[in-house]
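Q: Here is what each chain is made of, one letter per residue.
There are 4 protein chains.
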Amino acid sequence: MHRIAVVGASGYTGVELLRLLARHPDTRLVSVTSRQSAGQAVSEVFPSLQGSLDLVFEDVDPARLADLADLVFTAVPHQAAMGMIPTLLDAGCRVVDLSADFRISDRTVYEAWYQEHTAPELLAESVYGLPELFRNQISSARLVANPGCYPTSVALALAPLLENRLIDPATIIVDSKSGTSGAGRAAKVDSLYCEVNEGFKAYGLPRHRHTPEIEQTLSRLAGREVTISFTPHLLPVNRGILSTCYANLTGPQSLDALHALFRQRYAAEPFVRVLPQGRLPNISQVAGSNYCDIGLALDERTGRVIVLAAIDNLVKGAAGQAVQNMNLMLALPETEGLLAPPVFP
Amino acid sequence: MHRIAVVGASGYTGVELLRLLARHPDTRLVSVTSRQSAGQAVSEVFPSLQGSLDLVFEDVDPARLADLADLVFTAVPHQAAMGMIPTLLDAGCRVVDLSADFRISDRTVYEAWYQEHTAPELLAESVYGLPELFRNQISSARLVANPGCYPTSVALALAPLLENRLIDPATIIVDSKSGTSGAGRAAKVDSLYCEVNEGFKAYGLPRHRHTPEIEQTLSRLAGREVTISFTPHLLPVNRGILSTCYANLTGPQSLDALHALFRQRYAAEPFVRVLPQGRLPNISQVAGSNYCDIGLALDERTGRVIVLAAIDNLVKGAAGQAVQNMNLMLALPETEGLLAPPVFP
Amino acid sequence: MHRIAVVGASGYTGVELLRLLARHPDTRLVSVTSRQSAGQAVSEVFPSLQGSLDLVFEDVDPARLADLADLVFTAVPHQAAMGMIPTLLDAGCRVVDLSADFRISDRTVYEAWYQEHTAPELLAESVYGLPELFRNQISSARLVANPGCYPTSVALALAPLLENRLIDPATIIVDSKSGTSGAGRAAKVDSLYCEVNEGFKAYGLPRHRHTPEIEQTLSRLAGREVTISFTPHLLPVNRGILSTCYANLTGPQSLDALHALFRQRYAAEPFVRVLPQGRLPNISQVAGSNYCDIGLALDERTGRVIVLAAIDNLVKGAAGQAVQNMNLMLALPETEGLLAPPVFP
Amino acid sequence: MHRIAVVGASGYTGVELLRLLARHPDTRLVSVTSRQSAGQAVSEVFPSLQGSLDLVFEDVDPARLADLADLVFTAVPHQAAMGMIPTLLDAGCRVVDLSADFRISDRTVYEAWYQEHTAPELLAESVYGLPELFRNQISSARLVANPGCYPTSVALALAPLLENRLIDPATIIVDSKSGTSGAGRAAKVDSLYCEVNEGFKAYGLPRHRHTPEIEQTLSRLAGREVTISFTPHLLPVNRGILSTCYANLTGPQSLDALHALFRQRYAAEPFVRVLPQGRLPNISQVAGSNYCDIGLALDERTGRVIVLAAIDNLVKGAAGQAVQNMNLMLALPETEGLLAPPVFP
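Chains as they are written, first to last, in the numbering used here: chain D, 1 to 345; chain P, 1 to 345; chain G, 1 to 345; chain S, 1 to 345.
Derived from the structure by calculation, the hints contain no laboratory data. Hints should not be assumed to be uniformly reliable.
[As the list claims (entries may be wrong)] Estimated spans, in silico, between C-beta atoms of each pair:
(1) D:Gly204 <-> G:Ala186: 40 to 46 Å
(2) P:Glu336 <-> D:Leu255: 42 to 48 Å
(3) S:Gly39 <-> G:Gln277: 15 to 21 Å
(4) S:Gln264 <-> D:Gly204: 23 to 29 Å
(5) S:Ala187 <-> G:Ala80: 46 to 52 Å
(6) S:Arg107 <-> G:Ala186: 56 to 62 Å
(7) D:Gly204 <-> G:Ala80: 49 to 55 Å
(8) G:Arg301 <-> D:Tyr203: 39 to 45 Å
(9) S:Trp113 <-> P:Asp190: 31 to 37 Å
(10) P:Ala268 <-> D:Ser140: 45 to 51 Å
(11) G:Asn136 <-> D:Pro77: 57 to 63 Å
[Claimed, not checked] If you want a taste of the chain G side facing chain P, the calculated C-beta under 7 Å gives, among others:
(12) Leu29
(13) Ala202
(14) Pro206
(15) His208
(16) Arg304
The beta-carbon is built from N, C-alpha and C at its ideal position, and this holds for glycine as well.
Construct all of the structure, not just a fragment, from the sequences and the given hints.
A: Written as structure tokens, this is what we have:
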């Protein structure tokens, strides 16, 4: 049994990690930490887990955590993550970091969109944990940077097109919509029920912090620098991201051919479901699961392709993908603990 | 591997059965039937199940179904169920019936609240499938009548009090609230999104059909005839029932003592979670799971006890309890396939 | 034009007052105050009011406010209200107080459920502002205590029965459900979208602070001391309260007779709509309006009557009723500015 | 008092027209028709209107209706509208048609996206009822084609940019999201609460019928043929449309300059609110009102401008705009009956 710890487990990503790990057959949770909830039973903070997880939140320092655990999930905000990860690695732990701190390889870019980086020496080593694109590097990594929720949906939506040079990267526009759990569990007026319910708005325009992360992946896929327009919106639902991605085709294509390309690209991927032609994804059909559903449309009048990708932001967009990365790092079956079907309705 | 069939699988209870059975380790789904969806892939009607279940809806008659399956779930409306179950039983199948047709032992009562009963000879044999109360009879039953969603929540809420004669049965008032999946998947104006969203109402007053079913169970527990007031309401959520149950205590009680009683009564029950004293259940904390969460309050000013029970109407209130019954009938571990924690948020 | 001020206008009750007063034909808003939003335009804090209200939040002390305004709405929390109201009254203002501070006539009761009362000399003078019951006293009052949201719904539901001695007051049970705006606009984890959405729970058991206020009104109506069981629940909607009220009839009654009684009692009331027999109220049908919808059921099997009352907690349960009281105090038509139909869907 | 009739008043657009007209000071509703609800009181079908509107749904033929009314709103589906409007006009009525039948001037285009047109002789006469663009023609029109909900939001978002040749029309992409009332009140599985709630999806790709209507208006504004990509999505809310519109600027622009342009363009428009710079619209801030809120962002990295427009699809997107057109046609103040502020929360 591999010994696992979760740092910063009292947010929505944290509780989702606990939900998935509570029933994972080949690992054992040895410590869950939370500064604000230290001393409280997990089931007191999250009654949903009563009966599934009999642990108490601790406030453990990283050095001591490294004695207890073989692999640590860091689910703390950016900046806090880079403060503790060097210690964890030095002590021999492997780390899946759910913050943004090690996702951007280029320190300059990171510092332009976030703040100073205090552990830049690890940027070269850290692996971007999107298994469908970078599976081989993940298996042997000490430090995996778990991708952001929006970037996961966009990368999977556009990879087949960019890998095959079928779209003009300069024309990419990404219009994304996320459920409210993506805003976290902090007490803010903007996240109150009555502020979100029956509402819908864009936010973070025109410089949301996921933009450089998306561009980094798309640039790798395209083999050239890609700059996009990215507009996130806030959906009045708990879970789910739908990204609607627009791009001009570089030449004429049939919907049949595009569809066959996506089917083939993802044929061996257990968590990417290319929908039957003519069907479009709905976030309700992936909720609670690690699936990414993809649908395609061809706008022949304008020469644009429209790719829509739906994920559960807390699963494939965060905790589920982190467990998928853990499985790869520990040489377990990649789908272990992740095959529960979506919960609908 | 036990061979299982689901009849009438294209409603919300049906798809929930498929979700639970798709990953059940000791059974194999051999047939899923639906008159209206016959010929369509399950994943076409329910995209959530793409990748989990590779079956096509069939329109099979009961006689032939009995050749294929050892145990059949009937998830069709009342009246339709009693039409096919005799054939299934005669052909050697065991049946878990999710309709109301075999829940009420007294034919006269059934016919007063529903319509004529066409298979009354089976009423004596059928077992009411609430494992926490009638576990022993379920194991050996040929025909299990899976309880209604409201009745499950009320029976578990009041059993410890009635078994110990702590409340006056004549004073029981049950105020229940159910998520909209309980109204089914039929296309009706009353179930449209805009009719339900931002709304809340009672319905079915004063004679909802679950009333005699609730009274039958409470009467068995009390050892005397019990008549209650029962008011169901429609909640703008997908899943969940909360029943708020009021009754006058027969004598003075402390909250400590009542709490201890509930803890003890359900100590060995894997699916009943008596919450810590002072905590009240929330349907969001059981969603997607087979748990029933119970909380207590004592109103010393009026001498009333208030018991609140929360379940997911599609799981412990329908498909999950049906699988629990199947596990008992097939001598499998009772919790098999049912231990996934609730999905929150 | 009467000069009106609103103190504490940056909460949900505050913005609702502003919405109603912005278009009120016979009054003029001269000052809206908010400590936390002072200096910000109203339309910056509440973009919904851009174009309707061109004011800036101020932080004005009560003494100065009394120079500006003839009538002041105090929409601040209890305890804060009693701190400023004596000053306002002394300076010649009339006051509609939306807090709980002057609703309970008996200082001992107030202090048992809240905290010390610092202006008890005003308790005898203050008038409980439920026009359908106490219209005459309101017109000439200096200080009107605007009723709580739950108490409004319960008083209107039970008044005809208690006035006519048709129910046994000792058997009254009130099961209420409120939309989330009732929890206010403070940043609390419990009020976050993801904590409330798809959830439903009871809270405040068994001693919610609206209990003594409800009991005070019911006692006045019954002409004797009434003690009730009151259970509030939190609904995942923005607006609306539905109270389901149970009581044993003192003698046999027909539904026809009960219905006729309610129709007659409220025939002249512009804001109480007794629904046609057989119809039950839905909060969605009163949203945005000052109506209280009432429906009746008779449970002949148990001898109980069930009265259901639906209001918009922010309108008839708070700001609308406050404007209704203001209209009475200023000798304006009682319905002025309050006749906009509900917004459905 | 002008005499008004509403044909097809039992859908969501119909009830919204009734809500607005019930309190309109200068008109009188003389007949509301509905084939399916004929004989039922309006308040039976729509309890929200009890007390505001004392009428019974009728099934009146157009010829007779023309005797009763001076102006008729036709709120029936396309194809049905063109069947009755010639009769109404011949009999001397003026008509505001809320269907799509007279929005598209070019019969060929209409027939390519809808079906055969049976009253093409009226296409030249009918006026597209978007007052902010075509006010002068509306006043004297016999037949006004009330714009679609999506097209209204897009036209107001892009008009200032196209009128001033600031964007390249070939690069316009419109990503729209609509509340579920836009899908109508017909009983369909796809519109059920549990199908929509907690879900989000695109639909109608790539040929939604509002596309040619949007393109017709944008082409008029641009003075050249405009072809766009348009993707509608279904939001789990009752009311509201947010359109996120992307286009490449034809030359460098500052956000200040763009903002000033929009402010100036709409300075005299009572129903268009250009938000303060840096603020983005939220559908919750226009709900229940006739406002269109507009926000701007400039993506300097890509040279794109992003314009976001929010309306209530039932008000400015349908019934409110229809009343605005009626006011113009009857030479009433344009804002009559339409100035109630949005209802938030």
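Q: Are there hints from earlier that the structure breaks, and if so, what are their numbers?
A: 1, 7, 8, 12 and 15
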